[in-house]
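Two chains, each in its own frame: build the complex with the hints.
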Amino acid sequence: MSSPSNKRRPRYAAPSGTLLLREVPAHTGAPGARIIGPALERVLRETPAARCRLYVLTDLARPVAAAPLAAALLETGAPRHVPRWALLHTLAVAVPHHGRGLGHRLLDDLLMELRADGVRAVWFLPGPGDDGLRNLLESAGFRDGTDRGLSPENERTYGYDEPEIRPWAAWLFREL
Amino acid sequence: MRTSIDGARLPAPRPGLDGRQGPALDFRLLGTLEVADGTGTILDLGPRKQRAVLALLLLNAPHVVPLDQLIDRLWRDEPPSSATGTLQAYISHLRRTLEPGRSPRSPGRVLRTREPGYLLDIEPDQVDAERFGRAAEAAHAALAGGRPEDAERILGPALALWRGEPLADLADEPFARSTIARLGETRLHALTVRAEAWLALGRAAEVTVEVERLLEQDPYREGLWALLMRALYRERRQAEALAAYQRCRTLLGDELGLDPSPELRRLEQAILVQDESLAGVWAPVVAEPPEPGPRTDTGDGIEGGPADGKAGNGNAGDTAVPGLVGREPHLRRIAERLDDLRRGVGGVFLVSGESGIGKTRLAEAAASMAAERGAAVAWSRCVEGSGAPAFWPWIQALNALGADQARETAQARATDRAPATGEAGEAGGDLARLAHRLSDGDRTDPTDTADPDTARFLLHDSVARALTRRASTAPVLVVMEDLHWADAASLKLLTFLGADLHRVPLLVLATVRPEPAVDRQALTEALGELTRQRGTERLAVTPLTPEQIADYLRETGWAWPELASALHDRTGGNPFFLGELLRLLTSTHPDGRVSVADVLALAVPDGVRDVINQRVSRLPEDSQTLLRAAAVIGRDVDADVLETATGAGGARVMMLLEPAVAIGLLVEVDGGWDYRFSHALVQEALYFGLSRRQRAQLHGRVGEAIETLRWGEAGTRLPALAHHFGLAARVGYADKAVSYAMEAAGQATARLAYDEAVLYWEQALDACAAGPAATRCALLIGLGKARRVTGDVEGARSALDEAVTLATGIGDDAAVIEAATVFGGVALWNWRSYGVVDHRMVTVLEDQLSRLDPDAVRTRAELLGTLGVELYYGDRREEGRRHALEAVELARRIGDPLLLARTLNNFVIAAWTPEHEEERYRAAEEMLGLPGLPRATEIVARLHRMPKLLKAGLLADYDAELARCLRLTAEVRMPEIETQVAYAAAGRAVLEGDWAEAKRLADLGTGSYRRTSLWGPDVLKRIHSFFVEWGQGRGGELLAELVDTAADESNLVARPTAVLAAIEAGDRDLAHRLIDRWGTVAPRDWTWQFVVWQWGLVAARLGRPDPHAMLAELRPIAHELVIMGTGCVAWGPLHDVVARLLHRVGDVPAALAHAEAGLDAHRRLSLPHLVSRSEALLREIRAAAEDPGRTGDAPA
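Chains as they are written, first to last, in the working numbering: chain F, 1 to 176; chain H, 1 to 1196.
I should point out that these hints are in silico values taken from the structure, not numbers from a laboratory.
We put the CB at the ideal spot given by N, CA and C, even for glycine.
Hints are not guaranteed to be accurate.
Said to hold, decoys possible - With beta-carbon atoms standing in for the labels, derived distance ranges:
id	chain 1	residue 1	chain 2	residue 2	range
1	F	P25	H	L709	36 to 42 Å
2	F	E138	H	G31	35 to 41 Å
3	H	T41	F	R34	42 to 48 Å
4	H	E707	F	E138	44 to 50 Å
5	F	R34	H	E707	35 to 41 Å
6	H	T708	F	A170	44 to 50 Å
7	F	G132	H	Q217	32 to 38 Å
8	H	D77	F	A170	36 to 42 Å
9	F	E138	H	T41	52 to 58 Å
This is chain H alone, in the form it adopts within the complex (with noise of 0.2 Å):
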């Protein structure tokens, strides 16, 4: 919670007890102000206005001085930049005098900053005026109890202190004068008790000396003068005893038209008729001891929170006022205020906090909790400047409950029950009159006194007494919104009003800034004196946790409570700022899908940055200038980069960024001397702020700053190097913003970071423009490599195009070589599209093989690997599986297992057609063989060996392999390889029929498959879905979507779908149509057995394609199960379409044969859904048999 000068409960933490270096100093303020060191040394405190700010400290010890407060009591009229940097050089000079031996980049432990200002860290008995307080107390307290004695030895010592009037040098400063009073009040009570204690020890004489001697200080207190008529009548002066109350008489009733209290009246009675009881103490003559010192730590501040239970059970209703989410605290804090009223207690109820931060949403919560509890709500508003009249929210709240209370009196009249217009109704005509008077009754004519301050004393008196009236019909909720901008007059009526209202049911509930605007003074003082107050408590109205912003995401129906912590760091949790926000985003996002990302790439708005503006502009230039480059560095400030960069010294820019930290736009890390700025806003506001050439240079300079301190880890430091130098390339800085880049870039590859990968290969390029060829070249085969990873083909390709141009122009054919056989890189499936071949790139390939040295067998096998993938989608194919081939056996001659990894992958998909399934299948099983293998390359080779071990059958063996598969994935975190697992784990939930499991894997495959530009994430996603409609005996609704789909070419793979589709849609003339449009091809690539599959199943349906054609492509591989490439679709056994051909074609016995094999198939498999369908193909067949008219007619 924020503290201030006036309000503030929580005294500083204590610092440990190591942080006190030798004694204790010693602060005296009754006298001149002087402060002695532990040696009693007195310090030299230097000049007036740094002695005021001490001071002022001093007051308000152990609590925060808003930095605001102190400018407008020393530096009013100066401009606040200059004025805070005088402040400021006072305080750190200060601080050096007050704790010399500190070193000086360490922060002070006496003297502190903490927001929203400064503190004096220090214990009451530190300060003379503290001490004396407590002695007279103590010594109230003794003679109270009958031991003068006590009293009188505890005074001495304790009015030793006094050496002089209090706070003699700063007497003129107005912010001494209510405490410079306090004190002498507190030391005529000490005097008082004093003179008491002899009185009672028979010292009769010397009391009347010491009162009379008071009584010239202070003559209109009656309690002396009954003193001193006391001490004569003890004397046996009975006559001057009696004569002294005449002086008395004639004092009052001549100078202020007053008799005397009747206590006084009594005593001169007592004195007429020789009463006994004059001989003893009689009537004490200080009742209430006055406050002691300047502090007063009442303890029962808001933090301990309410008592739990009782009042928390009785008042859940109260705390679920909706839009109100992280406030349940201070509800039920307010709900048992509220409830306090119902028990006569009242009081003043202050709810301080930032604006934005929710306040006014508070009152009103606790307007409708008063209400719901039935007391009379009065709501008024403190208007900012001067244009509102004095008194005016006091006018507003009089006239509310005025009419208020004129209403419920007609009203109790008319139903006969109203108590005999009396009180109530008296009270309602007098609030109303009060207003009336408050608003401009008495500036035109001041009464009949000619006091004002009597005056003023009985207008607030009138005002008291008929709240009260009011308030014992019913309790009363008076909120009074922003009462930092009330009016003087305003705040001492309710100064006045306050120290009545604990035992007044009426509560007065005021929301304030802590930073006071308007007429500061007024504010702070009667903020101060309220909280010494009873009733007055102060309730700090705090940000939101981001659990609170989730909560408040949910309650409010945002659809993104995963976004919470992404806008508690843009918003600070100031609700405003946040509401700011969202605002902004649902305008910018009208799908209303909005990801961490855009919360951060929003721009700050821009009332939120002038804000922040102004805030900036308040503090002296050079701290401007360090705030600057401090922003630059980031949210986070590395005190010693920030000097480095800035070449200002270490206490220097502890000095400057101080009243920073004093007015919240910095923090102090804890345990360091770095900062933190409090809002991302404010970084970025300052930041923004800079000009675009201002920013390229500050970042250059904060990167050799990195640089040259070499902290912590080469590593750590090259994310932070890579960034400054970036946005620093243009001015200078390219060949650092490259070099770093490129560092970056491999760092973030070996962590596993490819995006972050890619961006820096962005980076570099970029700030290599203009470059030479050489670098561009090389970075773009850096980017061509990194985005290959991410699964970006589509980007690596333009990247790595650019490159071999490049590289061929400049004559590099190392470059060339490295950028053309990137795509020769282990990879699951073939990278290019469907059916394309890259003529481009097999020229580059041939031409750098047709010239490439004889020795460079190496590069030989790449190459070759390399070219028999990319002959892979042509006529060439067979002529790239040698290619192919011949690289394995070089890469098999250099015996580098990582290099026979790669171009045996380049084999197993060169090779892939159902010709050489044994070659690719054992050719997999020899790179699972290799030592040293990567985890990725590991995940594709297991996934080339698969599709073998189902298609026989082996799903146990295949299962094993697909769960080491998705374990191994999670360490990869490629979404390349991410897609292939996750859609293989698909397609076995579709064997299985388990289609829900089956759509979300293959949801999931297809969310990773997006992130690359590989093909067919469309294509795949379509076929998928509807084998899993089809499972279910469904799929025509795919029909529109799956034809439109294989209406491309390269989309060949979708069209026996499609057709399919359209049998299951019942629109078998569309299903001629398209087989007449389409054909129906079955190219014997790796979509063979699959699509050969589908047509089989086609055949049976239609007769087209020819059946017997059919049969003889798949009755030779009846046995095997359907598979899709890596697993993405798998059926069971093609007995099944084999049966229906041939039943198709009349062959009823060979069908059954098959329609039975493929039945045990199922059983042996356990596959239910696939058991019930052989079990209904079996049956048709059989049904067909037994009724031949229908033998030979597809099933209806």
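Just chain F, same shape as in the assembly (with noise of 0.2 Å):
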């Protein structure tokens, strides 16, 4: 990781965590879907099912049927390649598990389970309601995209196809 690493962050509640992230199909119907919200269907009407992918934070240690503690949703390059980016659509934790680090947590898994598929970077365009998201994220090592991120040696040894993206300013982008 070239880019800033996320360093001091509260402990999860947990002392012996029994949490777990899935990745789950992207359906109307998912476990999760009442804590992505609204969010869930435009993006599944814009996007391709194949590029959609549905994150949920279970807690093993509660009934199989309990719903998730947290979800997030992203889409990412063609399907079948190996995808070079990620657009974060949202990240949100059911209210119940505010306050715990759950977002902390997933985000951690979830930037380990792109870069494990290859993910070179991770876009966010932040909303009007995302300030908790954008704070989370930039804690996480989120910058600003005006400088279209990519560390030096990254863009000069290989190319990106880079989602269509603009204007820059607004995004928060990271390198994985």
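Here's what the structure looks like:
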């Protein structure tokens, strides 16, 4: 990681955690859909399902049918290729679980997942009500996208099929 | 053995050829890091950190790079858990890049996970630097062999491999520096060789240009200057050649204050005198090629082991160091190295292994072995953290050696055989001075050299020279403990010394953990450097095997070598954990009796658990979650179950668990993708770290996963399902818990695993604590039956009593009957305690009988049979016999053989009186004739039939039957039957007079007896013991315990035995008082013949009970052999006692007749001990007859 790393952060609550990140098929009835809210339907309408990724944070020590604690919705590059980028549409923690550091936890796991998939950069376009998420992302090393982020050597060595993102200024960006 | 980035000598096992897919990958580091696939396409290696990971693995291939080292080098500033996650993500993605065709669930074949980290499993030829290094060597050899044209031809393509500076894109990574420098060196060497080849080919002009170019890069190389001079001379440019010498001299003098080497000076002289030899190849430029590449497989790893035979014999004494079980090969190797010291060969000997594995014990053994060989031993320790000064281990070692030397010198001088002060004394002083210099001298005043590297060199060199001098007087062993904590300065000094130790009689033995701790970089480099040195060897200390633990237990005097495998399972063979565990066991079991169950039931010691938790916390959070779920599955983790239970995909599970494999918490199971916890302790520490609620939920998920997966046969899954749902019963899985436990109980019963069946029933009941009465009732009946089979009569009765109560409460007659008739099942002995009638049960049975549907014949038969047995010990015994008889008739009418067997068995027990012997025998015969008889029933029937054979003296038949019963018993595995058969055999041994065997068998029987809760183990054991003693003319010593036992009303049968013991002990008064207290009843139940025999013996001695009355009882059956119950004690015919009684009452002729009949019988039956008894009896009666004064009196 050539971008600044996220160092001090609140410790997660449970002493022996049983939280686990899972990817679930993205559809309006998916677990976690209620946490994502209307954004899910919108994204599903605008984006091919194959490019949508829905991640939920579940607690294995809760009943199987229990709702997830947090969820995140992403869009990635073309399927069947190594996706070079990912767009974070939203990341939310269910109301009863606010304040436990679960947003961090989910984001951490998520970045590991994306990195393992070969994703090189994650983008996020903050909307009017996204201050909390913006803070979270910035504390996790996301930066303003004005300088178009990619470090020179990555830029030099490899070309990117970057998403159609304009204007740059409004976006948050994190290299993996 | 564990391998690591530096020390490893063992390459990873090569995968099978089938594992290779397509042409091999090509790894290139002579330039920016590149990997080309088989088609030549350059792969996208991803972001910088990912490339750095690959480079690190590549530089150490094919050895493992520990995970901790990777993290330490690349993510030193990040918390370990998130760094591990990042690393793992890169590893996963690299794997996909390098092996795009691999299925995501199969393990990598190129980038492999192997504890303690990762490795690139590639051939040397797949690395450009490796190929280059070999070419350079080959070229050098060709040149040295006088084939300069070959040298040039080889080097051309090799040099073309260079695309730029090595690892150009990672040049600023500290880990790359030494490799980059070494590769640069190799290249320079190759270029020099090429220039030398050109010179030999007469292309001196090209050489001068090339060498000037090389000198621009590295002006201090005298070899290059020499080459330049020779080339210029060959070009007939003598003046320039001499000028070159001057340039070199000025450069060395001005910049370094040095003179040119003697060789260069000689070359100058040769030019001046125009030496002929200058025309040819003169003084090879490079005497020794530098390391050809990043890899050196010296191939002389330690795994080959010591040379067998010659070394082993000579050192046999060394290997027997107590307490070092299982370390014989290690000790042998150490002994060999110590012996090498005498030949002047030393080195660095690394003893590596996890903490607690016993490294220090080996070091101690090495120290004492060295002392035995006359070597000087210096001991030093590295200290964790930064509390100790630099060079601390060396300071300790030098001081120890210096003091040692001074002492020796002083002694030598005192005895006047000192080598005139000389070297030794000087060396002693040297060492002390050096220790002082190391500790502070050089720090405060960095000598006169401005260059710190040079200063360090000088310091190292003086230490080396002093130690060499010291070792020249006597071999030296320096033990350095915990090298992983050594400071960088000490490590550098060690590597400096290591280079020359193979020709100095000094051995440094260092202990080191495979996972480095503080200052890892320095340690890794030092270990890497050391491994390349000639005298260095690394010895891995591995965990103990179960056999070695057994040896250890024996050797250290623990009384339980049979626990070895359980202890091995608990400790993973780690001697430290083993020691901790043994300590714990002795503290909890002061009596010294420890069973396997005790070992397994032990909670994990806190210290160990903490250690493990610390290791777990370094993993990514999701990995931790998965590990916890895996711990709930068990020590062996089925990957499918884990996936299904957690909902994580296969590839993801693999990725998340990989770091756990890399750090050795989990191991991959060969031939699949399942896992196993490396220690039971690991699994337990994780498991007990969960709250009860977490555990319960996870067990539920695991249970459902196993249910869903449906692999294998249903039967094989049952125990797991019962286990997991049982532990999840409280969180909504109670119904499944109950039903699976019931099924598992049934399965266990079918497999004759009765104890397990009991556990499953208990588990089902537990899960059903709040369940409906009907269900609980059914479970209680199941439990009662299962306990009955295991011989737990008390437990069975309490369960069945509760079942009857519950069933009565809900008006379920069928359940009442089922519960109440359990004890009417086939059994050898009446299950009630001697003399006890359970009136409640009698009422229940009668009540059910009175209300029973007249057509329910089968049930009626069962109830009647059971009632018959229940009435045995009361006044209504005869009524009970008739009930049982009726039951038999009903069963005959139905024609069900098993029902008939059951009722016949009821009858045999209910009718067990002297009067009904013949009917009982016939009933047992009838049972044996029934088809499809279960084993246990057959044994019971035979044992019921056998007493009649014995009484009749048909010992051959009896023995054949007994043998068959013993055989069958092994198949049945019920403690109750085992007890009864063992006692039958014990009784038979008494009859034979084989006292030792009788005692052995009785002990065996008592052992299984105590696993039941049947009436009578104590009383039976004591009676038996008495007759074993009595048969040998003793028995009085058992008096006290027999009296004690017989005081209990239910132990009536032991009363005459106690009186006999009193007589044997010579205490006739006591015998009389006991009779006064107890009377001399002989109830007409199963004990009658045995009891009346004993009272007969008593009467013959004491005159009480009335000998005439006893004769009336015994005379009709005088021909019968004595037998207690089903043969627990047996004796010769009653003739003897009848003879004694007749003698007592003065009927000498009749007494003689009976005594002779007894003697005949004993002779006929070949029972020598009874023959001599009978002979003695005859002599006694005859003697008394000749001496009428003594007639009628008891023998003395």
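Structure-based check of all given hints:
1. Distance hint check: the CB atoms of F:P25 and H:L709 are about 21 Å apart, inconsistent with the given range 36 to 42 Å.
2. Taken as a hint, the range 35 to 41 Å holds for the pair F:E138 and H:G31, whose Cβ atoms sit roughly 38 Å apart.
3. Distance hint for H:T41 and F:R34: a CB-CB separation of about 46 Å, consistent with the stated range 42 to 48 Å.
4. In this structure the hint that H:E707 and F:E138 lie 44 to 50 Å apart at CB holds, the actual value being about 46 Å.
5. At about 28 Å, the beta-carbon gap between F:R34 and H:E707 misses the expected band of 35 to 41 Å.
6. At about 47 Å, the CB distance of H:T708 to F:A170 agrees with the hint of 44 to 50 Å.
7. Distance hint for F:G132 and H:Q217: a CB-CB separation of about 58 Å, inconsistent with the stated range 32 to 38 Å.
8. At about 31 Å, the beta-carbon gap between H:D77 and F:A170 misses the expected band of 36 to 42 Å.
9. For F:E138 paired with H:T41, a C-beta distance near 39 Å fails the hint of 52 to 58 Å.
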